[in-house]
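Novice: Hey, can you work out the whole structure from these sequences and the hints?
Protein chains in written order, with the working numbering: chain A, 1 to 118; chain B, 119 to 229.
Careful, some of the hints might be misleading.
[Stated by the list, open to error] Pairs of lysine-lysine, DSS-like flavour, derived with a Cα cap of 27 Å:
| hint | chain 1 | residue 1 | chain 2 | residue 2 |
| --- | --- | --- | --- | --- |
| 1 | B | K160 | A | K20 |
| 2 | A | K66 | A | K20 |
| 3 | A | K66 | B | K186 |
| 4 | B | K221 | A | K41 |
| 5 | A | K42 | B | K160 |
| 6 | A | K14 | B | K119 |
| 7 | B | K160 | A | K41 |
| 8 | A | K64 | B | K221 |
| 9 | A | K66 | B | K119 |
[What the hints assert, rightly or not] Here are some, though not all, of the chain B residues that point toward chain A, as calculated from beta-carbon distances under 7 Å:
| hint | residue |
| --- | --- |
| 10 | V138 |
| 11 | G161 |
| 12 | A216 |
| 13 | F219 |
| 14 | G220 |
| 15 | K221 |
It is worth saying that the hints were derived from the structure and are not from the lab.
Even for Gly, the Cβ is constructed at its ideal location relative to N, Cα and C.
The primary structure of each chain is shown beneath.
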Amino acid sequence: GAVVSQHPSRVICKSGTSVKIECRSLDFQATTMFWYRQFPKKSLMLMATSNEGSKATYEQGVEKDKFLINHASLTLSTLTVTSAHPEDSSFYICSAHKSTSGDTDTQYFGPGTRLTVL
Amino acid sequence: KQEVTQIPAALSVPEGENLVLNCSFTDSAIYNLQWFRQDPGKGLTSLLLIQSSQREQTSGRLNASLDKSSGRSTLYIAASQPGDSATYLCAVSNSGYALNFGKGTSLLVTP
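Specialist: Below you can see the structure in the form of structure tokens.
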């Protein structure tokens, strides 16, 4: 199977601080990773597409200076929430797109990170 | 912009019942459609993936159908069990990459 991990699983921080969330594909290479955000009782909303070695593509309405994405290797993408505020509290989930031709259509999701900003 | 709607929002059934979850989407030019399961506070588990050229996929007690022209998909769960209790999410891809999710159906199967 294909496993994606996220770290940390849960983080609580003070308003104004920055928080980094890691997304790793453990047993496959992922040239493309996606970051989603989920509010309570709401659907997952795509925030950005993270491409290895290039700049991320952000969805409309997502502040790229606030949500910094780095995809420095084929197995790691990071999302940094800068100067976090209580309204940034949410469940953040990443997914990784497997790069092999035999399984091009499946995204594998991480377990999510619960961010609470006090 | 692709809009994905899931009905019902919540469903409670006694153990053993067969049930159907519904998903509709506004843009029929999809690449594929996936059904996921999400347990409270957890990530997503992919259940079934249907390519745009396919009509249905089956895995164990689960069967998902796709009617692209009408913009609909259903997830059929046979002989439901308490362990099936979770939120079921439908997601559509127009490009083969990013997914557009519905809000999910929260399922409770009572013993």
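Novice: Confirm or reject each hint.
Specialist: Status of each hint after checking the structure:
1. Restraint check for K160/B and K20/A: the C-alpha separation of about 19 Å stays at or below 27 Å, so the hint holds.
2. About 12 Å separates the Cα atoms of K66/A and K20/A, which keeps this hinted pair within 27 Å; it holds.
3. Proposed proximity of K66/A and K186/B is contradicted: the alpha carbons are some 38 Å apart, above 27 Å.
4. A C-alpha spacing of about 7 Å is found between K221/B and K41/A, which places the hinted pair at or below 27 Å, so the restraint holds.
5. At roughly 14 Å between alpha-carbon atoms, K42/A and K160/B fall within 27 Å of each other, so this suggested pair holds.
6. Restraint check: the Cα-Cα separation between K14/A and K119/B comes to about 36 Å, which exceeds 27 Å; the hinted pair is violated.
7. As the CA atoms of K160/B and K41/A are separated by approximately 13 Å, the hinted pair is consistent with the 27 Å bound.
8. For the hint linking K64/A to K221/B, the alpha-carbon distance of about 25 Å falls within 27 Å, and the restraint holds.
9. For the hint linking K66/A to K119/B, the alpha-carbon distance of about 24 Å falls within 27 Å, and the restraint holds.
10. Proximity of V138/B to chain A is violated relative to the hint, the smallest CB-CB distance being about 20 Å (cut-off 7 Å).
11. Given hint, G161/B at the interface with chain A, holds; its Cβ is 4 Å from that chain's nearest Cβ, closer than 7 Å.
12. Given hint, A216/B at the interface with chain A, holds; its Cβ is 5 Å from that chain's nearest Cβ, closer than 7 Å.
13. Taking 7 Å as the C-beta cut-off, the interface hint given for F219/B holds, the closest approach to chain A being about 4 Å.
14. With a least beta-carbon distance of about 6 Å to chain A, the hint placing G220/B at the interface is held under the 7 Å criterion.
15. At about 4 Å, the closest approach between the beta carbon of K221/B and any beta carbon in chain A falls short of 7 Å, and the interface hint on this residue holds.
Comparing the model with each numbered hint stated earlier shows that hints 3, 6, 10 do not hold.
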